[in-house]
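Peer 1: Listed below, chain by chain, are the residues.
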Amino acid sequence: AQSVTQLDSHVSVSEGTPVLLRCNYSSSYSPSLFWYVQHPNKGLQLLLKYTSAATLVKGINGFEAEFKKSETSFHLTKPSAHMSDAAEYFCVVSERISSASKIIFGSGTRLSIRP
Amino acid sequence: DTEVTQTPKHLVMGMTNKKSLKCEQHMGHRAMYWYKQKAKKPPELMFVYSYEKLSINESVPSRFSPECPNSSLLNLHLHALQPEDSALYLCASSPYVTPDGTDTQYFGPGTRLTVL
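Going down the list, the sequences are from chains A and B. Residue 607 is where the first sequence starts when you use this note's numbering, and the numbers rise one by one after that. Residue 9 is where the second sequence starts when you use this note's numbering, and the numbers rise one by one after that.
Hints may contain errors.
[As the list claims (entries may be wrong)] In silico DMTMM-like cross-links for lysine to aspartate or glutamate, where the CA-CA straight-line distance does not exceed 20 Å:
id: 1; chain 1: A; residue 1: 648; chain 2: B; residue 2: 93
id: 2; chain 1: B; residue 1: 46; chain 2: B; residue 2: 93
id: 3; chain 1: A; residue 1: 708; chain 2: B; residue 2: 60
id: 4; chain 1: B; residue 1: 46; chain 2: B; residue 2: 11
id: 5; chain 1: B; residue 1: 61; chain 2: A; residue 2: 701
id: 6; chain 1: B; residue 1: 49; chain 2: A; residue 2: 694
id: 7; chain 1: A; residue 1: 648; chain 2: B; residue 2: 32
Treat the hints as calculated values from the structure; they're not laboratory data.
Let's have the full structure, built from the sequences with the hints guiding it.
Peer 2: Right, here's the structure in full:
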């Protein structure tokens, strides 16, 4: 079975400084990996997705993630944090179950931005 | 139209009430999903419909009853709920099911349910 582990439950950075949210995955074959963001009392928005086309994936709002097979990692980064980035971030792996796909969520990382 | 809509946004119900949550998408997606999310936790999968047929039921209690009347609409019927069922209920849809599971799910804003 596939799984993802988000290594930090809470990350706090100052506005304008880099963001790093860490995610490790466990999979017996090449995984499909995603990052979603959830702002307070909102649904989930797709930030980016990795499907083996390229190891460096660029997403929306300046976020990007790098797939590293040797480290089984898929960390999310952004060069300069903005106050609007404060939210909950979920690392997700997808697997095929019968005739549907099932996504498995990490436990989430809450990102706080200090003025 | 590139979004998943959910109604109502908020719902308060008693333990003896019967209510329904509605989810709609007009993107031509063929898979639809219900998730339950408790505070400060990740979403938990409840049901998956693929091509309008129930394909996954994650051992959800029978007081939750899903229905997929057509490819654009997904309902969740609620009856005799418990206070611990209070949560954010999220609907999602995806375009198709690829053999390697690379399908992307698009989420609605959710229905905040409170059971008294």
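Peer 1: Given the hint that residue 46/B pairs with residue 11/B, does the C-alpha gap stay at or below 20 Å?
Peer 2: Violated, because 23 Å separates the two Cα atoms, which is more than 20 Å.
Peer 1: Regarding the pair residue 708/A and residue 60/B, is the alpha-carbon distance no greater than 20 Å?
Peer 2: Holds - the C-alpha atoms of residue 60/B and residue 708/A are around 16 Å apart, at most 20 Å.
Peer 1: Please work out if residue 648/A and residue 93/B have their alpha carbons no farther apart than 20 Å.
Peer 2: 19 Å, holds
Peer 1: Regarding the pair residue 648/A and residue 32/B, is the alpha-carbon distance no greater than 20 Å?
Peer 2: 17 Å, holds
Peer 1: Straight-line Cα separation of residue 49/B and residue 694/A no greater than 20 Å?
Peer 2: It holds: about 10 Å lies between the C-alpha atoms, which stays within 20 Å.
Peer 1: Taking 20 Å as the top limit, are the C-alpha atoms of residue 46/B and residue 93/B close enough?
Peer 2: OK: residue 46/B and residue 93/B at ~9 Å, within 20 Å.
Peer 1: Quick one, are residue 61/B and residue 701/A close enough, alpha carbons at most 20 Å?
Peer 2: Holds. Residue 61/B to residue 701/A sits at ~19 Å (cutoff 20 Å).
Hint 4 from the list above is the single one not met by this structure.
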